[in-house]
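Engineer: For reference, the chains in residue letters:
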Amino acid sequence: MSETGRRLTFEIFRFNPQDPESKPHMQSFEIDEVPYMSLFMALNEIRETLDPSLQFDFACRSAICGSCGMMVNGKPVLGCRTQTSDLPDRIRLHPLPVFKLVGDLSVDTGTWFREMAEKSEAWVHAEKAFDPEAIEDRMDDELAQQIYDSDRCIECGCCISSCGVANVNDEFAGPAGLNRIARFAMDPRDTRSDEEWFEVISNENGVFGCIGMMACHDVCPKELPLLEVYAYLRRKALSTAL
Amino acid sequence: MTAKITSTDVLVIGGGLAGERCAIEAAAAGHDVLILSLVPPRRSHSCAAQGGMQAALGNCVKAEGDNPDVHYLDTVRGSDWGADQAVSRIFADNAPIAVRELAHFGVPWTRVKGGKNHYFIKGERVEIEEALENDGLIMHRDFGGTAKWRACYAGAGTGHSALFAVDAEVVRLGVTVRDRAEAVELIHDGTRCYGAVSRCLRTGEHSAILAKATVIATGGHGRIYGQYTTNATINEGMGAAIALNTGVVPLGNMEAVQFHPTALSPSGILVTEGCRGDGGYLLDKDGHRFMVDAEPEKQELASRDVVSRHMAQRMFDGFGVETKFGPHLWLDVRHLGDEHLRTKLREVWEICRDFLGLDPAEELVPVRPTQHYSMGGVRVNAEGEAYSMAGLFAVGEASCWDMHGFNRLGGNSLAETIVAGMLVGRRIAATVGRGGLDVETRYASEALQKAEERAAELLGREGDGPSAYGIRDAMAEVMIRKVGIFRNGDDLGQAVAELRQLLDDCDRIVLRSRVPGMNPELTFALRIRNMVRLAHITAKGALARTESRGAHFRTDFPLRDDASWLNRTLARWTDDAAEPDISYEPVGELDVPPGHRGYGADERIEMAMPVEDYNRQVEEGQRAAGKLPTEGVL
Ligand SMILES: Cc1cc2nc3c(=O)[nH]c(=O)nc-3n(C[C@H](O)[C@H](O)[C@H](O)COP(=O)(O)OP(=O)(O)OC[C@H]3O[C@@H](n4cnc5c(N)ncnc54)[C@H](O)[C@@H]3O)c2cc1C
Ligand code: SF4
Ligand code: SF4
Ligand code: FES
Numbered sequence: 001m002s003e004t005g006r007r008l009t010f011e012i013f014r015f016n017p018q019d020p021e022s023k024p025h026m027q028s029f030e031i032d033e034v035p036y037m038s039l040f041m042a043l044n045e046i047r048e049t050l051d052p053s054l055q056f057d058f059a060c061r062s063a064i065c066g067s068c069g070m071m072v073n074g075k076p077v078l079g080c081r082t083q084t085s086d087l088p089d090r091i092r093l094h095p096l097p098v099f100k101l102v103g104d105l106s107v108d109t110g111t112w113f114r115e116m117a118e119k120s121e122a123w124v125h126a127e128k129a130f131d132p133e134a135i136e137d138r139m140d141d142e143l144a145q146q147i148y149d150s151d152r153c154i155e156c157g158c159c160i161s162s163c164g165v166a167n168v169n170d171e172f173a174g175p176a177g178l179n180r181i182a183r184f185a186m187d188p189r190d191t192r193s194d195e196e197w198f199e200v201i202s203n204e205n206g207v208f209g210c211i212g213m214m215a216c217h218d219v220c221p222k223e224l225p226l227l228e229v230y231a232y233l234r235r236k237a238l239s240t241a242l
Numbered sequence: 001m002t003a004k005i006t007s008t009d010v011l012v013i014g015g016g017l018a019g020e021r022c023a024i025e026a027a028a029a030g031h032d033v034l035i036l037s038l039v040p041p042r043r044s045h046s047c048a049a050q051g052g053m054q055a056a057l058g059n060c061v062k063a064e065g066d067n068p069d070v071h072y073l074d075t076v077r078g079s080d081w082g083a084d085q086a087v088s089r090i091f092a093d094n095a096p097i098a099v100r101e102l103a104h105f106g107v108p109w110t111r112v113k114g115g116k117n118h119y120f121i122k123g124e125r126v127e128i129e130e131a132l133e134n135d136g137l138i139m140h141r142d143f144g145g146t147a148k149w150r151a152c153y154a155g156a157g158t159g160h161s162a163l164f165a166v167d168a169e170v171v172r173l174g175v176t177v178r179d180r181a182e183a184v185e186l187i188h189d190g191t192r193c194y195g196a197v198s199r200c201l202r203t204g205e206h207s208a209i210l211a212k213a214t215v216i217a218t219g220g221h222g223r224i225y226g227q228y229t230t231n232a233t234i235n236e237g238m239g240a241a242i243a244l245n246t247g248v249v250p251l252g253n254m255e256a257v258q259f260h261p262t263a264l265s266p267s268g269i270l271v272t273e274g275c276r277g278d279g280g281y282l283l284d285k286d287g288h289r290f291m292v293d294a295e296p297e298k299q300e301l302a303s304r305d306v307v308s309r310h311m312a313q314r315m316f317d318g319f320g321v322e323t324k325f326g327p328h329l330w331l332d333v334r335h336l337g338d339e340h341l342r343t344k345l346r347e348v349w350e351i352c353r354d355f356l357g358l359d360p361a362e363e364l365v366p367v368r369p370t371q372h373y374s375m376g377g378v379r380v381n382a383e384g385e386a387y388s389m390a391g392l393f394a395v396g397e398a399s400c401w402d403m404h405g406f407n408r409l410g411g412n413s414l415a416e417t418i419v420a421g422m423l424v425g426r427r428i429a430a431t432v433g434r435g436g437l438d439v440e441t442r443y444a445s446e447a448l449q450k451a452e453e454r455a456a457e458l459l460g461r462e463g464d465g466p467s468a469y470g471i472r473d474a475m476a477e478v479m480i481r482k483v484g485i486f487r488n489g490d491d492l493g494q495a496v497a498e499l500r501q502l503l504d505d506c507d508r509i510v511l512r513s514r515v516p517g518m519n520p521e522l523t524f525a526l527r528i529r530n531m532v533r534l535a536h537i538t539a540k541g542a543l544a545r546t547e548s549r550g551a552h553f554r555t556d557f558p559l560r561d562d563a564s565w566l567n568r569t570l571a572r573w574t575d576d577a578a579e580p581d582i583s584y585e586p587v588g589e590l591d592v593p594p595g596h597r598g599y600g601a602d603e604r605i606e607m608a609m610p611v612e613d614y615n616r617q618v619e620e621g622q623r624a625a626g627k628l629p630t631e632g633v634l
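From first to last, the protein sequence lines stand for chains A and B.
Its first residue numbered 1, the first sequence is counted upward by one per residue in this note's numbering.
Its first residue numbered 1, the second sequence is counted upward by one per residue in this note's numbering.
Misleading hints may appear alongside valid ones.
[Unchecked claim] Listed next, the stretches of chain B that the computed footprint assigns to chain A, with coverage defined by at least 3 CB atoms under 8 Å from CB atoms of chain A:
hint, stretch
1, 96-108
2, 173-181
3, 207-216
4, 385-399
5, 507-516
[Unchecked claim] Here are a few chain A residues that sit away from chain B, every Cβ distance over 12 Å (derived from the structure):
hint, residue
6, R6
7, F29
8, S53
9, R114
10, W123
11, V165
12, S202
13, G209
[As the list claims (entries may be wrong)] In silico DSBU-like pairs for lysine-lysine, Cα to Cα no more than 35 Å straight-line:
hint, chain 1, residue 1, chain 2, residue 2
14, B, K116, A, K100
15, B, K344, A, K75
16, A, K23, B, K344
17, A, K128, B, K4
18, A, K119, B, K324
19, A, K128, B, K344
20, A, K128, B, K116
21, A, K75, B, K324
22, A, K23, B, K4
23, B, K62, B, K4
Simulated from the structure, these hints should not be mistaken for lab results.
Don't be surprised by glycine CBs; every beta carbon is placed ideally from N, CA and C.
Whenever a hint applies, use it, and build me the whole structure from the sequences.
Structural biologist: Written out as structure tokens, the structure reads:
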């Protein structure tokens with residue numbers, strides 16, 4: 001009997017694209033639950049004791065690096081933050097959709113987010129060069145806090161996976177992409193003009209591509225205020241359109 | 001598919017803050033730069049830093065009178081005089097520039113609010129009027145071991161915001177990043193480095209990258225303590241290891257290992273020093289604030305080595321809360337209030353909710369000291385150039401630039417990454433020639449072949465043998481039990497012998513999985529031997545150092561000994577040697593003569609030699625130890 005009295009069954013999606021013999025399938029593993037068990041602990045135990053070929057990604061194991069997005073019983077979550085005690089004793093794991101599969105539960109979010117950053121030019125477009133002699137430009141703390149709130153996205157991809165539009169349209173900026181655009185649009189240090197912003201925001205791959213079902217908002221592990229973000233972008237789009 | 005041999009001007013191994021800050025400096029100067037990283041750069045462990053980044057801007061009332069001189073002094077004291085003071089000086093002078101530059105890159109630093117503010121200081125709630133003329137400047141919070149409030153911060157997500165801002169510059173400049181790539185071998189001829197061999201973590205294939213300058217920016221190696229660390233799973237020290245494996249480049253001060261006072265028990269996840277900086281307390285099982293008795297002056301905000309030792313002692317003395325995962329103490333931040341916790345310490349609040357299921361505004365947080373930071377690493381000179389190997393550089397936690405000596409102050413590491421990245425990047429930009437790379441491809445082919453054969457040999461082993469994971473767990477137990485906060489000769493002697501045995505076990509590992517592709521078991525098995533080597537050097541250096549300095553505490557030699565040990569440990573390890581070769585060099589010229597830190601023990605063994613005499617032998621001693629000549633200042 002396990003310490004919590006539960007034996008857990010994991011059904012895990014398996015496919016190794018590097019192996020010509022490999023075909024996509026589900027594989028089951030059983031382990032004993034222990035107190036405070038996260039999916040980080042559980043998957044490592046499976047790999048170290050049952051199947052050393054299992055691929056998955058964890059780095060920080062503290063819900064800050066965004067490496068470990070996965071579908072758990074159909075919902076995109078961070079594996080490291082998910083405790084088995086919150087799950088039934090049959091747990092189905094799939095890799096996040098939308099992103100390219102690396103193998104088993106591991107997907108290539110890095111390439112997706114880099115491309116998104118390039119497309120939306122997600123950096124501060126500063127007017128002047130940095131002056132090492134000068135003190136910093138001032139900013140109101142409230143505004144700094146607002147920017148920080150949307151800067152907190154860890155690019156885990158959970159929202160992208162939950163988004164119906166992102167699942168069918170590769171070009172759609174996606175929830176995290178829209179949030180990233182808003183983060184720079186609200187930052188006065190970014191001196192892009194209204195016309196330039198209009199280009200980025202107001203097309204079918206920008207905020208008007210979003211059909212507003214808010215699946216993204218419910219799955220974001222960082223609880224980003226995505227609702228407010230889209231409202232902000234729509235306002236900005238309308239004002240820049242004038 | 002990547003070609004088997006490619007070339008670039010500058011190869012940066014590591015996409016954390018240090019590597020990326022270095023890369024953008026070289027790229028902005030027009031060089032071709034390639035970054036390798038185990039993970040997409042924004043997932044590097046720099047993103048996990050919470051509390052803040054030290055820079056003496058002196059913007060708020062509690063920072064009045066602060067300047068780089070004060071910061072420098074705090075850093076030298078914090079190091080327990082183990083630092084290279086010239087480097088600490090360069091660091092403190094440049095930190096304000098580097099932090100303001102991050103504001104330029106977009107970091108949403110928390111700002112000063114002019115007018116009435118409420119803070120918690122030494123257990124009291126106080127009201128302080130911030131000058132209106134400072135409104136909107138970068139705000140500071142208090143951290144351990146500092147004379148002034150100096151840590152600049154963005155909520156409790158400073159590392160995240162800083163890394164995203166610097167990576168945005170990398171994207172803006174179009175720097176190529178190859179992620180899921182691991183440098184496994186340096187290309188060199190014994191005196192000059194020409195790049196590295198990389199293993200692709202998507203396909204398992206090896207390729208060689210030739211470069212005029214190669215930078216190791218691979219972060220810390222906390223995972224030699226297994227799970228007993230706040231570090232990410234990717235902090236396995238492979239950058240330090242491949243430098244060590246050249247047999248020529250030394251690692252500095254590997255026995256200097258920092259334990260952070262407040263990691264969650266049992267997971268080891270960190271909650272920032274900012275919790276105590278903002279007024280949090282440490283309590284024992286009876287709810288007693290033992291740090292007030294132990295350190296009346298700095299209380300919870302003495303340096304980390306000192307606080308961690310008091311905590312460990314308190315638990316040894318039976319005042320810890322006993323659990324099946326071992327004892328812990330409490331962190332109390334309830335009095336800071338819900339609003340403060342959910343804004344200024346938001347990441348802490350979330351971690352408590354997600355990993356412990358508790359609300360820190362209502363409940364106590366279980367904490368215990370845990371391995372946190374590697375002061376040791378690839379030994380470099382003030383310009384970031386590795387000893388004994390031209391063309392090789394190191395920056396950030398992977399390096400021993402040596403501004404931290406035997407104890408790094410909280411907030412000084414993030415600041416180091418961007419200061420060193422900026423300065424070393426500038427140095428590289430200035431020294432790397434514009435012409436083509438003049439190197440025999442033979443060195444690349446040889447290194448490539450060596451790496452491929454190593455993987456093939458491991459995959460080919462048959463029969464029965466230990467597992468790489470078993471060796472990792474055994475190593476972790478040796479390290480935490482015998483090379484931890486309190487050390488002694490008997491334990492360390494056993495640790496050295498046991499790690500030596502584990503190293504032999506590494507040569508007998510047999511894999512259970514032979515799947516094509518990256519093969520996670522093979523990937524880890526290729527690393528574990530390197531990890532055990534780093535652990536062994538750590539234990540051996542600690543055994544040899546018969547004094548106590550900063551984080552290195554010997555119960556059998558409890559005094560700091562400036563007569564015999566005012567030096568830095570260097571470890572080299574040639575391929576054929578059974579044991580590493582340990583030697584020493586002077587710490588650097590002393591501008592601030594050794595004295596009392598202002599917290600911790602005051603008793604010590606004084607220098608036998610006049611400071612002037614010590615200083616006279618520094619240059620020669622360091623050159624003999626392999627330091628490359630430093631032309632001019634940065
Ligand atoms: C939980 C936590 C909180 C912290 N909080 C603070 C704080 O508040 N203030 C502060 O000053 N310091 C803090 N620190 C310390 C500080 O965050 C680190 O020292 C610093 O971020 C290290 O940065 P780096 O760039 O040197 O390395 P990292 O950010 O660790 O980056 C290392 C990079 O190297 C890559 N890499 C590693 N090996 C290889 C290889 N073989 N091949 C290719 N790439 C490789 C990785 O993929 C990664 O990109 C904290 C540390 C931890 C663990
Ligand atoms: S609200 Fe918009 S962005 Fe969010 S899931 Fe729905 S369509 Fe996607
Ligand atoms: S918005 Fe939330 S869910 Fe989407 S990538 Fe960012 S942190 Fe993840
Ligand atoms: S491992 Fe970093 S977010 Fe889960």
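Engineer: Take the hints in turn and mark each one as holding or not.
Structural biologist: Here is how each hint holds up against the structure:
1. 96-108: With 8 residues closer than 8 Å to chain A, the stretch 96-108 of chain B meets the three-residue bar; holds.
2. 173-181: holds (count 3)
3. 207-216: Not satisfied, violated; 0 residues make the cut.
4. 385-399: violated (count 0)
5. 507-516: holds (count 5)
6. R6: Non-interface label on R6/A holds, nearest chain B Cβ at 17 Å vs cutoff 12 Å.
7. F29: Correct as stated: the minimum Cβ-Cβ distance to chain B is 14 Å, above 12 Å.
8. S53: Given that some Cβ of chain B is not farther than 12 Å from that of S53/A, nearest at about 4 Å, it is violated.
9. R114: violated (7 Å)
10. W123: Violated: least Cβ distance 4 Å, not greater than 12 Å.
11. V165: Fine: 23 Å to the nearest Cβ keeps V165/A off the interface.
12. S202: holds (22 Å)
13. G209: Holds: least Cβ distance 22 Å, greater than 12 Å.
14. K116/B to K100/A: violated (52 Å)
15. K344/B to K75/A: holds (30 Å)
16. K23/A to K344/B: violated (49 Å)
17. K128/A to K4/B: violated (42 Å)
18. K119/A to K324/B: violated (51 Å)
19. K128/A to K344/B: holds (30 Å)
20. K128/A to K116/B: holds (34 Å)
21. K75/A to K324/B: holds (33 Å)
22. K23/A to K4/B: holds (29 Å)
23. K62/B to K4/B: violated (56 Å)
The structure shown violates the earlier hints numbered 3, 4, 8, 9, 10, 14, 16, 17, 18, 23.
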